[in-house]
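Number of protein chains: 2
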Amino acid sequence: MTAYETLSRKFKRLHALQEAAGVLSWDMSTVMPSGGAEARTEQLATLSVVCHELLTDPALEGLFEEAAGDGRGLSDWQQANLKEMRRRWMHATALESDLVEAHAKACKRCEMVWRDARPKADFAAVLPSLTEVLRLTREVSAAKAERLGCSLYDALLDEYEPGGASARIDAVFADLADFLPGFLEAVLTRQQDRPAALPLAGPFPKDRQEALGRRLMAAVGFDFDHGRLDVSLHPFCGGVPDDVRITTRYDEDDFMTALMGVLHETGHAMYERGLPADWRLQPVGEARGMAMHESQSLMIEMQACRSAEFIAFLAPLARDAFGGTGPAWEADNLQRHYNRVEPGFIRVDADEVTYPAHVILRYRLEKAMIEGTMEPEALPAAWNEGLRDLLGVTPPDDRLGCLQDIHWYDGAWGYFPTYTLGAMTAAQLFAAAKKARPEIPEALSRGDFAPLMGWLREQVHGAASSASGEAILERATGEPLNPEIFKAHLKARYLA
Amino acid sequence: MTAYETLSRKFKRLHALQEAAGVLSWDMSTVMPSGGAEARTEQLATLSVVCHELLTDPALEGLFEEAAGDGRGLSDWQQANLKEMRRRWMHATALESDLVEAHAKACKRCEMVWRDARPKADFAAVLPSLTEVLRLTREVSAAKAERLGCSLYDALLDEYEPGGASARIDAVFADLADFLPGFLEAVLTRQQDRPAALPLAGPFPKDRQEALGRRLMAAVGFDFDHGRLDVSLHPFCGGVPDDVRITTRYDEDDFMTALMGVLHETGHAMYERGLPADWRLQPVGEARGMAMHESQSLMIEMQACRSAEFIAFLAPLARDAFGGTGPAWEADNLQRHYNRVEPGFIRVDADEVTYPAHVILRYRLEKAMIEGTMEPEALPAAWNEGLRDLLGVTPPDDRLGCLQDIHWYDGAWGYFPTYTLGAMTAAQLFAAAKKARPEIPEALSRGDFAPLMGWLREQVHGAASSASGEAILERATGEPLNPEIFKAHLKARYLA
Numbered sequence: 001m002t003a004y005e006t007l008s009r010k011f012k013r014l015h016a017l018q019e020a021a022g023v024l025s026w027d028m029s030t031v032m033p034s035g036g037a038e039a040r041t042e043q044l045a046t047l048s049v050v051c052h053e054l055l056t057d058p059a060l061e062g063l064f065e066e067a068a069g070d071g072r073g074l075s076d077w078q079q080a081n082l083k084e085m086r087r088r089w090m091h092a093t094a095l096e097s098d099l100v101e102a103h104a105k106a107c108k109r110c111e112m113v114w115r116d117a118r119p120k121a122d123f124a125a126v127l128p129s130l131t132e133v134l135r136l137t138r139e140v141s142a143a144k145a146e147r148l149g150c151s152l153y154d155a156l157l158d159e160y161e162p163g164g165a166s167a168r169i170d171a172v173f174a175d176l177a178d179f180l181p182g183f184l185e186a187v188l189t190r191q192q193d194r195p196a197a198l199p200l201a202g203p204f205p206k207d208r209q210e211a212l213g214r215r216l217m218a219a220v221g222f223d224f225d226h227g228r229l230d231v232s233l234h235p236f237c238g239g240v241p242d243d244v245r246i247t248t249r250y251d252e253d254d255f256m257t258a259l260m261g262v263l264h265e266t267g268h269a270m271y272e273r274g275l276p277a278d279w280r281l282q283p284v285g286e287a288r289g290m291a292m293h294e295s296q297s298l299m300i301e302m303q304a305c306r307s308a309e310f311i312a313f314l315a316p317l318a319r320d321a322f323g324g325t326g327p328a329w330e331a332d333n334l335q336r337h338y339n340r341v342e343p344g345f346i347r348v349d350a351d352e353v354t355y356p357a358h359v360i361l362r363y364r365l366e367k368a369m370i371e372g373t374m375e376p377e378a379l380p381a382a383w384n385e386g387l388r389d390l391l392g393v394t395p396p397d398d399r400l401g402c403l404q405d406i407h408w409y410d411g412a413w414g415y416f417p418t419y420t421l422g423a424m425t426a427a428q429l430f431a432a433a434k435k436a437r438p439e440i441p442e443a444l445s446r447g448d449f450a451p452l453m454g455w456l457r458e459q460v461h462g463a464a465s466s467a468s469g470e471a472i473l474e475r476a477t478g479e480p481l482n483p484e485i486f487k488a489h490l491k492a493r494y495l496a
Numbered sequence: 001m002t003a004y005e006t007l008s009r010k011f012k013r014l015h016a017l018q019e020a021a022g023v024l025s026w027d028m029s030t031v032m033p034s035g036g037a038e039a040r041t042e043q044l045a046t047l048s049v050v051c052h053e054l055l056t057d058p059a060l061e062g063l064f065e066e067a068a069g070d071g072r073g074l075s076d077w078q079q080a081n082l083k084e085m086r087r088r089w090m091h092a093t094a095l096e097s098d099l100v101e102a103h104a105k106a107c108k109r110c111e112m113v114w115r116d117a118r119p120k121a122d123f124a125a126v127l128p129s130l131t132e133v134l135r136l137t138r139e140v141s142a143a144k145a146e147r148l149g150c151s152l153y154d155a156l157l158d159e160y161e162p163g164g165a166s167a168r169i170d171a172v173f174a175d176l177a178d179f180l181p182g183f184l185e186a187v188l189t190r191q192q193d194r195p196a197a198l199p200l201a202g203p204f205p206k207d208r209q210e211a212l213g214r215r216l217m218a219a220v221g222f223d224f225d226h227g228r229l230d231v232s233l234h235p236f237c238g239g240v241p242d243d244v245r246i247t248t249r250y251d252e253d254d255f256m257t258a259l260m261g262v263l264h265e266t267g268h269a270m271y272e273r274g275l276p277a278d279w280r281l282q283p284v285g286e287a288r289g290m291a292m293h294e295s296q297s298l299m300i301e302m303q304a305c306r307s308a309e310f311i312a313f314l315a316p317l318a319r320d321a322f323g324g325t326g327p328a329w330e331a332d333n334l335q336r337h338y339n340r341v342e343p344g345f346i347r348v349d350a351d352e353v354t355y356p357a358h359v360i361l362r363y364r365l366e367k368a369m370i371e372g373t374m375e376p377e378a379l380p381a382a383w384n385e386g387l388r389d390l391l392g393v394t395p396p397d398d399r400l401g402c403l404q405d406i407h408w409y410d411g412a413w414g415y416f417p418t419y420t421l422g423a424m425t426a427a428q429l430f431a432a433a434k435k436a437r438p439e440i441p442e443a444l445s446r447g448d449f450a451p452l453m454g455w456l457r458e459q460v461h462g463a464a465s466s467a468s469g470e471a472i473l474e475r476a477t478g479e480p481l482n483p484e485i486f487k488a489h490l491k492a493r494y495l496a
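Chains as they are written, first to last, in my numbering: chain R, 1 to 496; chain E, 1 to 496.
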């Protein structure tokens with residue numbers, strides 16, 4: 001067996017165990033009775049330790065050296081696979097095991113304190129734990145930056161967005177941050193001049209919402225022989241590529257949120273399902289980072305399903321599902337609901353126009369904290385000031401401000417920018433898809449996603465991690481990430 | 001850390017991974033979409049390899065030697081734990097890895113051929129694969145017998161019934177085999193003299209069956225914060241002690257089978273739940289073999305829930321659930337259904353009286369095949385002759401004969417006797433429980449399982465694997481397994 005083959009076997013084992021953990025996590029969030037939590041936590045912790053040991057096996061170093069020597073005998077995909085193996089291995093071996101353990105414990109502790117502090121809007125209560133998390137996260141970023149040869153922030157970003165560079169994000173976000181306040185004002189003015197959306201009267205029974213959701217999932221191309229739709233407190237896309245499990249939650253007073261949520265997760269699911277079957281359980285066969293993943297969910301939710309074409313298809317189905325009649329149930333009114341813009345405090349409730357402001361704020365703050373130019377004490381004030389500058393609103397308390405998201409409290413530093421990079425990528429891919437397949441909008445008006453999905457399979461899903469996200473985007477669209485395309489999309493949708 | 005502590009850590013890790021596999025198997029049988037099978041098989045195979053490697057880690061031998069030296073410092077439970085660790089390790093290390101692999105592959109292949117051959121009643125089609133499975137199973141039993149210092153058959157039995165001895169089973173089964181034909185004749189004669197059971201007219205909607213099942217599970221003491229009831233093709237009890245997952249399947253023309261099935265699995269579940277919390281994830285904290293496990297399911301299903309007392313409690317609940325009225329829905333008629341005896345071909349459909357005959361037949365045949373005094377070619381004829389001798393009926397074809405059970409075809413040799421050992425153990429434990437807590441029958445007539453369950457927790461569940469099944473039984477009932485008690489139970493129920 002060559003060194004490459006040995007590595008490939010080892011990573012296959014690692015990946016199969018990670019898949020097992022993925023299914024167990026799905027179970028924990030959907031069907032597990034509360035009393036199973038302790039045992040499940042132990043199972044997941046054990047799997048995580050076993051995976052970490054596989055990835056830090058001292059034999060790997062020699063195998064990587066040897067495999068680098070066979071380079072010429074490897075196909076492009078094999079070389080990309082080797083590169084991805086190496087990237088994972090470098091992340092895992094950059095840290096002393098004491099640091100890994102201390103960091104994991106600090107995150108767990110802080111998350112627990114945060115769960116209690118958030119509803120009480122008590123930032124002071126969580127500040128000591130957050131400070132400790134940050135201290136250790138800085139150590140992590142320093143160790144990884146040294147190993148990977150990159151900046152402190154990029155060392156963290158690389159886990160979520162392989163090869164991502166904050167220098168490029170800075171530029172793109174600066175452009176957006178310049179654009180957004182003026183644009184938002186124009187959108188709000190225009191919105192005021194138009195008739196308000198007519199309310200949709202519920203209740204909307206859960207089973208009808210679910211049936212409609214399944215109908216639309218099927219339209220997008222979701223294969224129920226290879227996946228499930230269930231309920232969980234926080235919607236997510238889990239499982240494995242051949243058994244993708246998405247979740248939602250239903251509110252009987254509002255069907256619109258769950259429905260778009262289902263479509264969002266369906267976008268994630270389609271990406272997983274479209275990954276190349278020949279590369280299952282190999283690093284190169286995995287999805288290409290969180291920004292690309294988010295681009296696929298936003299492609300379906302924001303680009304395709306909030307388009308006038310798709311809403312024209314949706315309106316009669318929604319009327320049928322809930323027995324709706326009258327002008328409130330016409331497509332133009334549904335569209336007014338789905339494209340309503342309103343500055344608010346909460347990121348996860350934000351619309352497409354204001355969402356980037358929430359992300360830019362978090363990105364700037366976490367980068368400053370990682371780089372040591374800001375300390376957590378300063379967070380509440382900096383948060384409120386930043387949100388006011390970007391969106392013109394100020395949270396009345398920290399529950400609606402810097403306590404709202406779990407990310408920093410449970411250690412996911414470097415994740416935030418991927419949301420907006422994903423939104424921009426989605427806009428750019430959708431524009432290119434429509435250029436390549438001009439029939440897409442008309443197909444969407446019939447609920448036919450095949451032309452769009454065919455293009456995505458070819459350009460994005462099938463590429464998996466064989467190239468960087470940037471290279472995949474450039475190959476698919478002819479240019480690197482270009483904020484003008486996202487801005488043009490926003491202008492067309494909200495100011496046309 | 002002492003050698004014992006190191007071992008205890010290693011076995012905890014092993015056990016947590018086995019629990020993970022258990023949850024994944026539950027998922028596979030209940031909620032997994034068909035397209036997930038390949039990925040799941042890979043996940044389970046990987047977990048199995050990792051577990052095998054943990055158990056065959058060369059470091060264990062020295063640790064066991066060292067731990068044997070610390071013996072005096074260990075509590076009784078710790079010593080029992082060490083013994084159980086050692087037993088598992090000896091099973092795992094008795095076989096060369098080539099044999100393990102060849103055996104696993106042969107079983108998998110044979111099972112696939114059997115799935116095809118069974119509906120066609122085509123024993124000849126599966127004979128070559130079965131012969132190969134037996135050849136390798138004999139090699140396994142020879143290697144294990146040498147390592148464990150026991151007979152060929154006992155080496156296989158030990159996996160399901162630790163410390164079990166075929167010499168004792170031979171004696172007990174010979175006694176039963178003598179008793180059964182005459183007893184069966186007496187029961188059938190008596191049954192003929194009584195009025196036939198009045199039919200219960202369906203349909204019985206699944207949701208009502210499920211609701212009634214849950215009501216009775218709760219009565220037995222099943223805690224839905226620590227477990228679930230779901231549907232699967234083959235009912236089973238899975239999950240982990242703090243999250244026990246039982247399954248059933250519903251037939252809308254017959255509610256009685258699923259209902260007793262649910263109570264049967266609830267008995268298994270109560271055993272798992274009652275295992276001592278202090279010994280979770282340690283070998284000594286696990287259930288004590290398959291015979292004791294089956295005794296707990298049959299304790300609930302056969303001893304408690306087919307008693308006149310419980311059926312008096314059940315009858316009004318069943319009437320409520322299905323809107324039943326008239327004499328067919330009276331307790332005495334339900335009891336006639338639930339205690340009906342009828343010799344048949346199929347083990348899993350057999351009643352309490354004829355079931356042991358099916359098991360004794362299989363035990364004798366598999367023992368002869370393992371010992372080499374019989375070859376698989378002779379199986380169909382030997383099966384039919386044996387069943388005729390024991391039950392007076394002859395299967396018309398092998399589908400209803402030696403092809404009916406999966407066990408031999410997928411490699412579970414040595415398992416069969418535990419079913420009837422379990423039934424006998426259940427009768428003996430129930431008799432002792434009623435002696436110790438005379439209020440048990442009256443409590444059951446009110447659907448109150450607390451006195452029975454309290455006694456079982458104390459005598460059986462809480463003991464886990466701290467002693468042999470025989471020792472637990474003897475401590476709880478004052479004597480070793482005694483066929484007279486099982487026979488007395490049958491006489492009291494079917495001839496009184």
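It should be emphasised that the hints constitute simulated quantities derived from the structure, not laboratory data.
A portion of the hints provided could be inaccurate.
[To be verified] Below, in silico cross-link-like pairs of lysine-lysine (DSS-like), each with a Cα-Cα straight-line distance of 25 Å or less: (1) E/10 / R/10; (2) E/491 / E/434; (3) R/10 / E/434; (4) R/12 / E/10; (5) E/83 / E/120; (6) E/206 / R/206; (7) E/105 / R/10; (8) R/491 / R/434; (9) R/108 / E/105; (10) E/108 / R/12; (11) E/435 / R/12.
Which numbered hints turn out to be false for this structure?
Checked against the structure, the hints that fail are numbers 3, 5, 9 and 11, while the rest are satisfied.
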